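Dock chain B against chain A, hints included.
Taken in sequence, the protein lines are chains A and B. Numbers 1 to 694, taken from my numbering, label the letters of the first sequence in order. Numbers 1 to 694, taken from my numbering, label the letters of the second sequence in order.
None of these hints come from the bench; they were simulated from the model. Watch out, some of these pointers could steer you wrong.
Each pair may be met inside one copy or between any two copies, as identical chains are not told apart.
Straight-line distance between alpha carbons at most 30 Å, and here's what the computed DSSO-like set of lysine-lysine pairs gives [stated by the list, open to error]: (1) K644 <-> K634; (2) K57 <-> K256; (3) K358 <-> K650; (4) K127 <-> K634; (5) K256 <-> K358; (6) K202 <-> K31; (7) K358 <-> K202; (8) K127 <-> K57; (9) K395 <-> K256; (10) K644 <-> K256; (11) K634 <-> K31; (12) K31 <-> K130.
Since the structure is predicted, the reported quantities are computational estimates derived from the model, not experimental observations.
There are 2 protein chains.
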Amino acid sequence: MSYTLGTFLTASIVISAAAFLFAAWLFRWVKAMPSNNARIAEVGALIRGGANTFLRKEYTALSRFAGGVALAILLFLPSPIWQGEAMDNVYMMVAYLAGTVFSAVAGVIGIRVATLANIKTAEAARKGIKPSFMAGFRGGAVMGMAVVGSALLGVTLLTLLTDDTSVLLGYSFGASSLALFAKAGGGIFTKTADISADLVGKVELGIPEDDPRNPAVIADNVGDNVGDVAGMGADLFDSNVASMAAALVLASVLDKSAGGAANSAMVFCYAAAGLLASIIGVAMARMGNHGPTRALNNSTYITTGIYGVLTALATLIFGFQWRIWGASAVGLLVGVIIGIASDYFTNDARSPVRNAAKASESGPAFTILSGVSYGFISALPSLIGIAVAALAAYKLCEPIGDGYAMFGIAMSAVGMLSIVGMIISNDAYGPIVDNARGLSEMGNLGEDVLEITDQLDSAGNTVKAITKGFAIAAAGLTVIALLGAFISEVNEAALAHGLAPITGFDMMNPTVFFGMLIGVAAPAVFSAMLILGVNRNAQRMVDEIHRQFREIAGLREGAPGAVPEYDRCIEIATNGALRELIPAGLLAILLTLAVGFIGGVEAVGGYLCGNIVTGILLALFMSNAGGLWDNAKKYIEAGAHGGKGSDAHKAAVVGDTVGDPFKDTAGPSINTQITVVSLISSLAATLFLTISLF
Amino acid sequence: MSYTLGTFLTASIVISAAAFLFAAWLFRWVKAMPSNNARIAEVGALIRGGANTFLRKEYTALSRFAGGVALAILLFLPSPIWQGEAMDNVYMMVAYLAGTVFSAVAGVIGIRVATLANIKTAEAARKGIKPSFMAGFRGGAVMGMAVVGSALLGVTLLTLLTDDTSVLLGYSFGASSLALFAKAGGGIFTKTADISADLVGKVELGIPEDDPRNPAVIADNVGDNVGDVAGMGADLFDSNVASMAAALVLASVLDKSAGGAANSAMVFCYAAAGLLASIIGVAMARMGNHGPTRALNNSTYITTGIYGVLTALATLIFGFQWRIWGASAVGLLVGVIIGIASDYFTNDARSPVRNAAKASESGPAFTILSGVSYGFISALPSLIGIAVAALAAYKLCEPIGDGYAMFGIAMSAVGMLSIVGMIISNDAYGPIVDNARGLSEMGNLGEDVLEITDQLDSAGNTVKAITKGFAIAAAGLTVIALLGAFISEVNEAALAHGLAPITGFDMMNPTVFFGMLIGVAAPAVFSAMLILGVNRNAQRMVDEIHRQFREIAGLREGAPGAVPEYDRCIEIATNGALRELIPAGLLAILLTLAVGFIGGVEAVGGYLCGNIVTGILLALFMSNAGGLWDNAKKYIEAGAHGGKGSDAHKAAVVGDTVGDPFKDTAGPSINTQITVVSLISSLAATLFLTISLF
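The following block holds chain A by itself, in its conformation from the complex:
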């Protein structure tokens, strides 16, 4: 069937609009559910208020940062404004700002619905597990639809407005900037609150989790929302946009040399098909009789299947290259497989978690040593998966013609990220039901309800391991495609400046190797700074909690009228998160610029490569080790090795505390770091090419 690029741009807009309408319908559906427990409403309002406080402060800080970056873009990118076309710089700046705004709006929507759905989920649990599950799942799906709808809509609109794909990299960079704040900042917030609430509440005073006397308890619940809902959403928004941008940059080069717009059209077609598949998948999701975990996983598999069929149909109808369809399918398949591998290392029915739990009997040092070891080992299957996906996509598409091999990798990343709407839905489900569990405890809804929310919560934790592995793999494949986009940008700039194009980055070139050695250190130092940030911030909050218990009369005893100052804890978490995030974020950016201005584009190529490969390694290590410790603790709490209160349990708690910033702050933030660094490099390609020491 004959088509134009316009056909697919229109389809993308229509499907994005459908996603928004569906999100609105889901939101109203959740909102219409009954809620009438005053205590829950009160606590729910505190959580909502805290989340809004964080978002307001974060977005204020971000808008200052983004303003500075926007000004720098206006002056210097894609080339200094006094040298190139001034309008190019204006477009780039607008695209950058659009990237931050679209992602921020999706974050606000996500938080808004999550802090509503938690209440509804808690109250629905009184009617049974199925309505409660639906409230949690559909609440999460609002975020999923909003994120993917706005990602696709933004890319489509920018393509309509400018026909310069570099501008898409600017949009993607905007999304990354926001993700850096949302994921790393949210990650510091949530773990600051979580760790200090546990440290004083559970360890020192021996009061239960979610006890309302604990001044940090609201901050802890807020943290789930800002870290896991807004943070994870921004992270996947970022990867999703980056995969489309990388694919479109490469497609436009191919289209230019072949004439027409077949490749760009295909990118939009596949991305739109992915969103459509996610809409159908979400709409069809129901909980059967096999429990919530099965329900969540089934919807992922169904979406995957629908995507495969839709894209195959489109390929047939529009006469796209089957090889590229194959690359895209391989990416999706490998994404799912990597998720399953992550599950193996964090599932308490498997030997890694069991061995770590057993090792805890000898003391916390052995818990740590086991977790670190299995965390490192867990990286192997995923790295092999990414390696195979990239190699298979490349080899599949190489025969089509020059440049298609790298485009194949980009389409493999697009394929992997196609079902991201579904992934986000599953992921946002986690903190909603986690909150719901806390609310049912604080609202005294009784044992039956608590059991249901516990079951929903446990499913959220299991699925989280899979979606996290998936997110890291997707980011990995995306940044490999961004490497291709980087070369393409470099060569466009080289052409414009009459310089020789580069064909690759030879590791035997010492400038490349120089960059690579420094790139290898970058994600390690970045994640270390975030962890130290959590460490310092938690110390501050522990001091504040101690102060409240000391100064507020009757608080420790739970005397009526003795209310903790929840706001102070939220304030500490918020301010600390922003303060600790800035140096790490700046380091990531400045190190890239330093390498570029010292060693030029070749050093940057090596730097990106080193950054990407160790970034993936460390992200997998930290996420999986953290998940393993979490589940080893839960496994012991369920009765193994002496159960709660035993020495093994105490050791496992140490492991869990170490794992908290690993899995929820540093690990997932590395995703963002590698994307930010890759995008800056592409955007500053002209500068590195023309101004460098070597």
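Positioned in the frame of chain A, the structure of chain B alone reads:
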């Protein structure tokens, strides 16, 4: 002045012989020192016996392994025996076996003198710190001289016997095989004993370190010798040989195209100058009034200076290239700077250790989080140092002509490793004085003596951090040079098979990238397997110690005649070390072969690169984090944050236990892993080139 290659080969033999004679003189000097305490003699004999048991078993296992490898070499390397020159295979096999034997002999000598010098050092402490220092230092220097002498002698003899530099890679591979057993096996042994002795003795029973009632106490002292003396010696023997082999492989290519043997001559000249400098440095070493740490560091600086002067003189006299002298000097300088950077992160006068000690007040999780973070950050300066050294050496030597750039990097590694005789002397000093401390406690030599040995021991620990950073940096630079040797081997094979030569490894080539992603995982998985091995083995030994305390009547109370079965613990440590080491070693080798036979030489190039860069990162991370935890614990024990027995101290002990296998098993073994993998790849280059899936 005119010269032939023979001039320098002769000089190398003469200086090697001088090193052996000097070692013999030092040995007699140490042996002639008085010793007459019966209790010390008795315990000393137990330690010596245990160390010999370990060596015997290790060398038996190794000889089986080496026999298998030798057979495989005979059949397949450098090319299948039925295809190429059969004598090439025989030479290669002989060289391989020579590498294992020379290194093993140096190890035996080192252990022999270390288990003698520990007694002499303890007894000399009764006369004061200076004679005691000299006993420890000169005991260590025997090992230093033996190692470097046999490394240089082996390379020289093989060069005289064959004029095929590939054979040197075989010799180097032999040295690496031994190092894998000695370093990883010794590392598992020493930490098994150390951790379980502490866990039962100090933590459970509250008896002091080195208490003779503890059945693991002798194994612990044996461990210091087999891990730190024999293991570290084999590791540096390995790096030293590898740096010479890589430089000679590259030099021979240059010499072939230029005629003559100027470059090969230069390698021997510089290596011999380094050994001579070390001999002079050791001979001049005395303890002044500034304490033992200053004495050890001063001898390093003096040796460095002598090396610089000697090589400058040689360059002037023989008309070598000054640019190459510059590359070599840069390497040495950077090695020293990296050592100082490592010291910063592990010195208790600096903020990283202080912060980790302070964080311990909040519990062990915070000790771990701080140490992990600073460990990752500590990699940055060293990686920048290696990157700058490689880049500077390359840029310095590039103008000389084609191929000199990579030769410059190799000479930079030779320069860095030139003072290795001195480094090993300093390093072996550590376990000798550590043992001496234990012996003076067990021999009841009194508080004054204990204070002196404590002071000597503390200097050993400080210097150890520096020498470890140095060893990792040297291994890093060496394997970069081995990458050059790998390409050179590949191209020689390509020429022989009429295939196109390769010029480098382009990261945008998906086969290279495929290899790189898997290479990145290799050192992570290797080190994780060693750590799990220590974990498992320590559990076994803890069970055995419990059994002895339960079954041997009067042991716990220290009744006269109740002697623990020290041998059983030594046996468990020995057998476990070998059993746990094999899978990790096999994985390192098989993963390389798998990548090579799947993706061919390009995949192997990427694999090596990924393996090297993450290997360096993880080795620095683990060594420095481990050193930091060790010193944070000691800092608290010295009275900070509540001192011994406080909660902060308990938390710091957890950190120290985690750090033990990090810094003494996994971290330093990664050095060996990256060398082994690089050498196998070079040796199997022909196979990968001719037989591979892609």
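Hint by hint, which ones does the structure fall short of?
2, 5, 6, 8, 10 and 11
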